[in-house]
Structure formats: C-alpha cells, structure tokens
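Going down the list, the sequences are from chains A and B.
Read in order, the letters of the first sequence correspond to residues 1 to 689 in my numbering.
Read in order, the letters of the second sequence correspond to residues 1001 to 1402 in my numbering.
Hints were generated in silico from the structure; no laboratory data involved.
These numbers were taken from a predicted model, which means no experiment stands behind them.
All C-beta atoms, glycine included, are put in the ideal place defined by N, C-alpha and C.
Among the hints, a few may not be true.
[Said to hold, decoys possible] Derived pair list, reagent style SDA-like, types lysine to any residue, alpha-carbon separation capped at 25 Å:
(1) A:K28 <-> B:F1236
(2) A:K501 <-> A:D100
(3) B:K1140 <-> A:S92
[Claimed, not checked] With the C-beta cut set under 7 Å, the calculated list includes, among others, these residues of chain B facing chain A:
(4) S1067
(5) T1068
(6) F1069
(7) L1127
(8) G1128
(9) N1129
(10) F1132
(11) V1188
(12) L1192
(13) T1261
(14) G1262
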Amino acid sequence: MALFVLMRIVYSFLFLILLFASSCRKEKFSYESNWITPLVETKLTLGDLVPDSLLDKNNDSSLNVVYEAEYAVSNLEDILQIPDRVESVEVSLTSLVLEDRSFTDTLTLLELYPPSLLLNGTEASLPAQEINTNEGTVLDVTEQFFTTATFKEGFIDISISNDLPVEAEVLEFELRNFKDKSVIVSGVFNDVSANSTVSESYDLAGKTVDGVLELIVIKVKTRASNGEVLIDASKGIRTTITIRNLKPQVATAIFPAQNLVEREDETKYEFGGAELTQVYVKSGSILMKVESTIEEAIVLDYTIPNSSRWDAPGIPITKQWIIPAAPKGDRVFVEERFPIDSFNIFLWGKFNNSAPDFNHIYNELTASIQYSGIERTLSLDDKISIEFGLIDVKPDLIIGDPGPHSFSLKDTLSLKAFDNLSGKISLDDAKISLDFYNSFGIQARIIVNELMSENTNNGSRIRLSPMGELSSPLLLEKATNPPLTPFEKTVELDKSNSNVKQFLGNMPNKLYPNLDVIIRPNGTVNRDDFAFAQSKVSVNFKIEAPLTIGLDSFTLTTMENFNLLGENETQNIKEGKLILKVKNNFPFEGDLRLQFVDGQGEFLFAKSPDAGSRMDAAEVDANTGKTVGQAESEVALSISRTEFQLLKAAEQVEVKVILNTKNANRYKMYSDYGVEVQLITDFIYENKL
Amino acid sequence: MKINFKLFILTCILPLLGNAQSRDSFTFLGNAFDTEWNKGSAKFSGGFMASSNALNTRLFNDVLFRSTFTESAKQEFIDGESAKNNLYSESRANAEYKLTKNWGLRATFKSIIGFHSNKDLSELFLLGNSSFQGSEIKSKNLRYIRSSNLVVGVTQNVTNNEKFQVKLGYGVSFLTSYRAIQANEIGVYTALGGSYLDVTADQAELSTSGSGLKGVGLEADLDIGYKWDKSNTFFFSSSGFNLTRLLENEIITLDSTFRFTGLQLNFLSDSMSIGNFVDSTYNATIDRSRSNRKWASLPSRLQVGWHHKLSCRTMLVVQASAIDLGDLGVTGKAGITHEFSNSLKVLTTIGYGNFQGIVWNAAAEYRTGKTSVFINTQSLHALAIPELATNYGVSLGISTQF
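Pulled out of the complex, with its shape left as it was, chain A reads as follows (with noise of 0.2 Å):
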C-alpha cells in the first residue's frame, strides 16, 4: 500500500514537471551591449557639392563657376509643315474603241449558175436568172475581232460588187449572227450593173454583233446578158463588210492598246503663307490607291517632271505600276507607296516663267492598257479609281518665301545648379553670356521683354534691369548657304551694364524669360530664303562667377532616402550617438539639421547637433586669403530610445548644412578645399537569444 501511494507520488511529481516544462512560457530573453564603432568616413571636395562641369579652375587653383544651358527657340517644324495632299480620279471605259476591220465574201456565177463550168473561158449567152436561198457563207472574225460586241457606236458598210458580166436586176441580202440566226442588218439593192459596186451603211447602235456571222444573200436577180458574154465562173457577186468607229458598250475580245486616262494637272500646296519655289524631300512617298473593275492589267505611270534626284540631276519622280486584272464580276484593289526620299521638287508649276511659281507641284498621269493578245470582257460599266498624291513630306530643305510668322515665349528654365540652395550668397563679380545663333536662312528679330530670376526656396525674385544690349530688339541676320554658315552674335551683361551679380547672387533656380520672336521681319527677295531639318534659332546662356563668396546662413538642402536601419540586425539598437568627426579647411563654419519622415511623408522627428557641437572654420591667412591646415571638430548627435523607434518607420530624412563665413566675408575658394568627415557610432544594442 506504502509502496503503491509513493510510486503514485513519483509518477505525479514527474507528470507535473512535465506539465510545468511544456506550459511555461518565459518571455525571450534580451540584453544590452554597448558597442563603438567607426562607420563611414569620406571626404568632400568642392567638386562633390558642385559638378565639375559646373567648375573652371584658375592658374592659381581659385575657381570660377561655369553654367551653360542652351534654349532653342524654333526649328523648321515651329515654321512650316508641308500637308498630305491625295487626289481622286475615276475613269471608265468611254473611250474603249475596237479596230475597223473588212471582211469580204463572193457569191460566184458557179454558185448562181451551176452550168456555167461548161462555158467557163468561153462566150456564150447568159440567161436571166433568179435564185432564192437561205443558205448562207459563215464568216468567223474570233480571232481577229472578237467574240461577241454590243456596241454604243459603230457602222458597218455593206459594198456590193457586181463582177458579173450581167445587169444585177435584185440583190437582197441578210446578215446575222450565226449562233442565234439574229439579224444583224439586211437589204435589197436593185440595177446593179455589170463591173459595178454599190454600198450602203447600217447602224450598229444597240446590236449585239457575233465573231461567228453568217451572210446570206436571199435573192439575186440578173438579167439576160446581152449577147454573148465571157464566162468566168469564179466571179460573182463581192460583197465586202466593213465594221467602223465601233464603240462598244461591252465586249468580248482582244483588245488593242490604249491609253484609258491621259491627265496633267498642278496640284496646289497651301503652307500658311509660305511661298515656296523647292523642297528637298528628307521623307515621304507617293501614294498610289487603285480600285478597278475592268478584267484586263492596267498600266499606271506617274511623273513629275519638275523634279530630279539629288545626286543625279535629270532624273524626274517617275513610277509605273501595273494594276492586274480585275476577276469576272469581282474588283482589284492595289495601295502602294513609293518612296521619294532624296528627291528636290520644284513647285513652279509646269513652266517656271508663267504664274503661278510657287506652291504647285506639275503632275503627269496616265492608264492605259497594253496589248496582251489575250481576250478580255470589257464593258462601259468597268471603272477605275486612282488616289493619288504625296504624303508624309518632311523636307530636308525649303527654299521660298517663309511668310511672315511671330510668336511669344514665356517659358520657364530649370537651372539645377542652384536646387536646394537658400540663404544668402554674396558674389564678387558674375557675368551671363547669351550667345544667340541662327542658321536659318530667314533673317529673325528677338524682342526681350523681360528676364526675371526666382529661388523657390525663398521665393525671391529678382529682374535682370537694365539689360544691356537686350533692351533693344536683337537683328538675327541669316545664315548663308553654300556652305551653310549661321549667323551668331554674343551679348554680354556683367556688373557694369546690369544687375547680374544680384541676379545670381539671388541664386535662381528658376528663369522666366519673356520674348518676342519675329520670323521674316523685312520680308523675302526673289523667294531665297531657305531653311534646313536641322535649322534652328537658339541662345546659348552662359554663366560664369568667380567663386569667391560670402556665406551668411547659406543652406544646401537634399532630401535623401534613409535606410539605415534597413536589415534586421540593425532594428535592434536601442538608442546612441552618432559623431561626426570633421577635418575641414574650408573657411566657413557649418551646423546640420536632420529632419526623418516616413514612407508617407509624414514628420516624425526633428534633430540638431547635441549643444555646443558644430563644424569649425579653418583659420584663413590673411595674406594669401587661403585657408591654413584644416580645423578639427566634432558635430554629436544623439538618439535617445523614443527617436530610435520613430527611425524604424523613417524612410527618408531632409538634410540641411547651414554655412557661414565670418562675418559673411567672402573668400576665394581653391579646388584642394574639402572637408574629411568620419562617422563614429555610440550605440545600445539588445542581443536576443
């Protein structure tokens, strides 16, 4: 029983460590270390805060800012732009024509009397005859005329020759088409004398005409000869068939060739005033849009003769296309482009010493059908649409008359250089180079109204007054060609002609200038005026300021992204110091700001160096104005626990260094200036096991 209570005891005593071991949950165990460490160190130039670009350097290794930026006012597209221009022309079978054509049958006295073999070579009394018959003679003109022709127009003469030796008292005869026995024409003709001819013409106007016909002559009635008469059996009766001036409403045949459309024509180009005499094609294309009905190939040539190739004169735009067949009862469709790049186009028309000269482009169309020996069913119902015209000209050259344009510019210029910079700056001497420069071949008159400096950061403006040479109207003259040669012109403004050096001492970030641009101001001679592609009317603005300057609470501002406690190991520090150890020999003082907002932009905290803790002025000998040595000092921020909890959730932090010469003196600056800076880290740091 004891025994039995105490392993029931043991058996408890181990259940319930168990018990305690599984659910007992202490919380994670943390402590702190406190670590110091070296973490970044660099050194600045002057070269790092300003871009060389923006740095000239001087024999003596002072510097002088440089800034140029360049500001084009126009090129050829702000001036003229030549329009697509496509015309329409429809064409249908109207002048389709078939050949005249002659056929001729003979009707023998063997045939009309049987018994003249035996007298034929011989003279002997003919008798009077008269035969009745509707047996005819099949002609078949397929292969030379064609299958079958209802015709709009046409005749066919009926020529009667008697080469009997008798008087023909009646000749009654009929034509028609074999395969139906239609009637074509038919007619008597009465007395025809021997060795005589008669004809007669019938209208084919609305009859359907065969290949395969059939010539009857109904009746012949001749007369007794008188007295005895040569015998020639072969002769007889001649009847020739003449078919003229056919125009058919449709026809199946083979077609002789043709021209369908015969066009010349100017087309008119509207430039919004420009008068222009040649354009040097850069780009573009003819376009040739073709829809037909008719069931034979088309031949399409089109030209402009008053054009040739840059680099073989006398050779004109010329292209043909060939539009194939149209399938029976259906229709053709065709769009091509032909390039015409590289080509000059003169647009004076078709001659260059009539009016008009200017803006009309002479064109030659024409459509025609080539014999192809092959038989086509054509009809006045077929058509074909031609579009036709030049698209997507951009011009390499124009030469002409611009016609006069004017504008206005209010624009705004970034100038980067001066970003995030506030405070005041006090230069020494600055000058602005404007260097205008035009390569049109259009003179150009720039009116300056106004030129008007402002930092945003402070929202100081500052007008450049006076202007120098900018306070009156700037002639651009032409540039010249060939060779092409702009023309340039520089003007100067420094502290003896205007304000520059408060202008930029206000350190704009922004530029508005107000300008008047005048193209053509005193019109065009003789039309030569030209302008290139690549023309263009720009203004190169350039700055140039000693850097010897004076800084009272000037500040260089940057928002930067912070992600300093990016990784995980560094979450867990708890609060430290940041120091910025500083070796400096530039001659100005200097004090931070740190500003951290989050991913949304929102102030978090705000933090200045711990009191009494500023980057130090090096020492400047008063000789030279150079600094001596470099000045050591040490800038300490610290993070207490709260404000490191607030930086887990910073994602960028604002940065300001705030500089100051003493007394705001100003002082030359030299390119070995810079600042050597080495940040030192103090911090807590919990370890979690």
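Please arrange chain B on chain A, whose structure you already have, making use of the hints.
Frame of chain A, contents of chain B only:
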C-alpha cells in the same frame, strides 16, 4: 564474545552478501542495469547541466527564467578574477531497452554548448567594446561550439562475468544543429573615441550550415568495469565518440590583421543601406575565404573511476572525466555512496573542474520492485548563493522491467 564476533561478522557478511546482491540492483547509482542485462528492462533519463568557471548560476537562471541579466549577477561576472572564461552546458535525454540477453536498443538526444576564451574577450562579446576603449583585448585558443544530435542505435553486452563487464553501444547520429567558431588568436583594439578598430584574426574559422539536417555520422560508446577484488572496482567509459559527415557546411577562414576606420562611402551618391554596402564591399573578401568542410567530430566524454568499499553499505567513489579530451573541461570528483536500505541509495561527491569550478553532486535512487527512480542534483548551493556558484544541473531517471 565469539558468538558476538560471529554475530558481528554475520551481521557484516549478511549485509555484504545482501549488498553484493543490492550493489548490482541499483540502476543509476550502480551498474545493475548492465550487469544483470534483464531482457525487457528499460531505462529513461534526462537532465540538464550548465557550468562555467567565471559565469555564475544567477546568470544562467536569468537566461532560463528571466528576460534579461540581473545587474548584480552581471557585475559579479565582470568583477571575477579568473583570466579565462570557460563555459559548458549540456542537456540530454536517454532511453535504453534490453531487447535480448545480449542486445539492446538505445536512443539519445544531446544538445551542448561549449566555449572558452580569455575572460576579457568574453566580456567584450557579451557587453560590447565601449568599455574597452584604449585597450587591446586578446584571446588565444578561442573556441565556441553548439550542437544538437540524435543518436539511434544498439547496445551490446560484450562480456559480463565476475571480473569484467564490457558494454558497447553504437548508433547512427543525426546532427540537427551545428555551429563552431575557433581561432588560434583573436584580438580587438578599440581606439579612444571609437575612431578606429584594429582586429587581429589568426586562423579564425567560422562554420555555418544550411537549413535542415546538418550531418549524419556514426557514434560509439564503450563502458568497461573491472573488479579488482571484492572491495575495488575500476571503471572506464568513453561516450559519444563519433565521426560525422557534414552536409552543406561552409567555413569562413580569416587570417589577417586590419584596421577599420569606417566604410568609404559617398553620402551624396550612394543610396544603398549600410548593410548592403557592407555586403557589397566585403563579399568578395569573404567569398575568397569560404571553403567546404566535410567531416567533424563532436565532443565526446572520457571517464575513469574507482570504487572502494569502505563498509557493507558505504563506498568511496573517485572519478575523473574529460570532455573532448579536456578541451571542454576536465573534472575530478570524490565522494561516497551509502545504501540506507536495499531500496534507497544516495551519493554525494565534491570536486573541481576547470569548466565548472567547485562542483557538488548529490544524488538518490529509490528502488521498488522492478522500478527505480533517480534524481541527481549538481551544486545545490546555487539555489542559496547563485552569485557564488558557477555551475548547476539536475537529472532524473526511471527504469523498470516490462
């Protein structure tokens, strides 16, 4: 008198005879589990031990039971006069089952942390270098190892007679956690104001492993008992001898001296985080120092002991042990065991180890029928004066016959 003498002898002999039976009947404070090798018997035990020559047990308690170090315990450590800081901690769970008369099954899970270096360097790693500005802190022969492994295998009753008892155990070891750092010498100098750090590393190696299983190996144990005579028995034990094949293990070797004055950074143009900048600056150097390590041998334990019977129920116990051939500690103990009855036996020893300081063990085993329960405590005085104790531990065990 004769009768008394005989009675006296009988009184001594009987218990002795009884003791001869009862000596082998204690599983934990005796070797009955292996000498009797009863088929169907099982033994379970588990325990934890933490020891150091410089860190006090209050600090261990803080880690186990609190959320941070106690200031007094931390100060006690800082004020300690030892030149070296040695630390060894182990937790273990064992299970063994006698399958047949000669074979058994066993499973062991073991987790160890071992560390030794100069005390100043330990303080620097623990508390930071800010208080060591202007001082050079060096340590020769620095070592840190942390490992956990599970061994599954068999035991074999090789010999079991009046003189010798030899038991072998072998198994497959699965390494679940492994990290090792060692160096011939590590030195850190922090300049006043923190303007630079001078770091010296002589044959420093940092071993890292990927995720998942860290290695597989073979482990063997050997226990030998030799009965010199009726009063004296010698023991030899080697446990945890192993060879492990490491999987995806990489070591980074550093053997240089360098001065760190800060990363060369251009604040105006570099926008990456400090961590990324460090990576990009030093990755190439670190990559050149990488190599693969394929084999490792985890710390094993050697133990020798002598038992001398002082009386029928009392025995003198002397024992010496070394972990990893002494690199992670050598301990010597002496004490006595006493059987209060056939059911209850206690042990108390006192000793000293270079990784433990003064160590006092107290253990008790109680038998009832086929079941034994066991408890062992190390340095109980740590409960009363934790700042002055430098080691403690507890283990529990139970065995039974199924």
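Hint-by-hint comparison with the structure:
{"no.": "1", "hint": "A:K28 <-> B:F1236", "result": "violated, 41 Å"}
{"no.": "2", "hint": "A:K501 <-> A:D100", "result": "violated, 96 Å"}
{"no.": "3", "hint": "B:K1140 <-> A:S92", "result": "violated, 109 Å"}
{"no.": "4", "hint": "S1067", "result": "holds, 4 Å"}
{"no.": "5", "hint": "T1068", "result": "holds, 5 Å"}
{"no.": "6", "hint": "F1069", "result": "holds, 5 Å"}
{"no.": "7", "hint": "L1127", "result": "holds, 5 Å"}
{"no.": "8", "hint": "G1128", "result": "holds, 4 Å"}
{"no.": "9", "hint": "N1129", "result": "holds, 6 Å"}
{"no.": "10", "hint": "F1132", "result": "violated, 9 Å"}
{"no.": "11", "hint": "V1188", "result": "violated, 10 Å"}
{"no.": "12", "hint": "L1192", "result": "violated, 10 Å"}
{"no.": "13", "hint": "T1261", "result": "holds, 5 Å"}
{"no.": "14", "hint": "G1262", "result": "holds, 4 Å"}
Consistency note: the structure conflicts with the earlier hints numbered 1, 2, 3, 10, 11 and 12.
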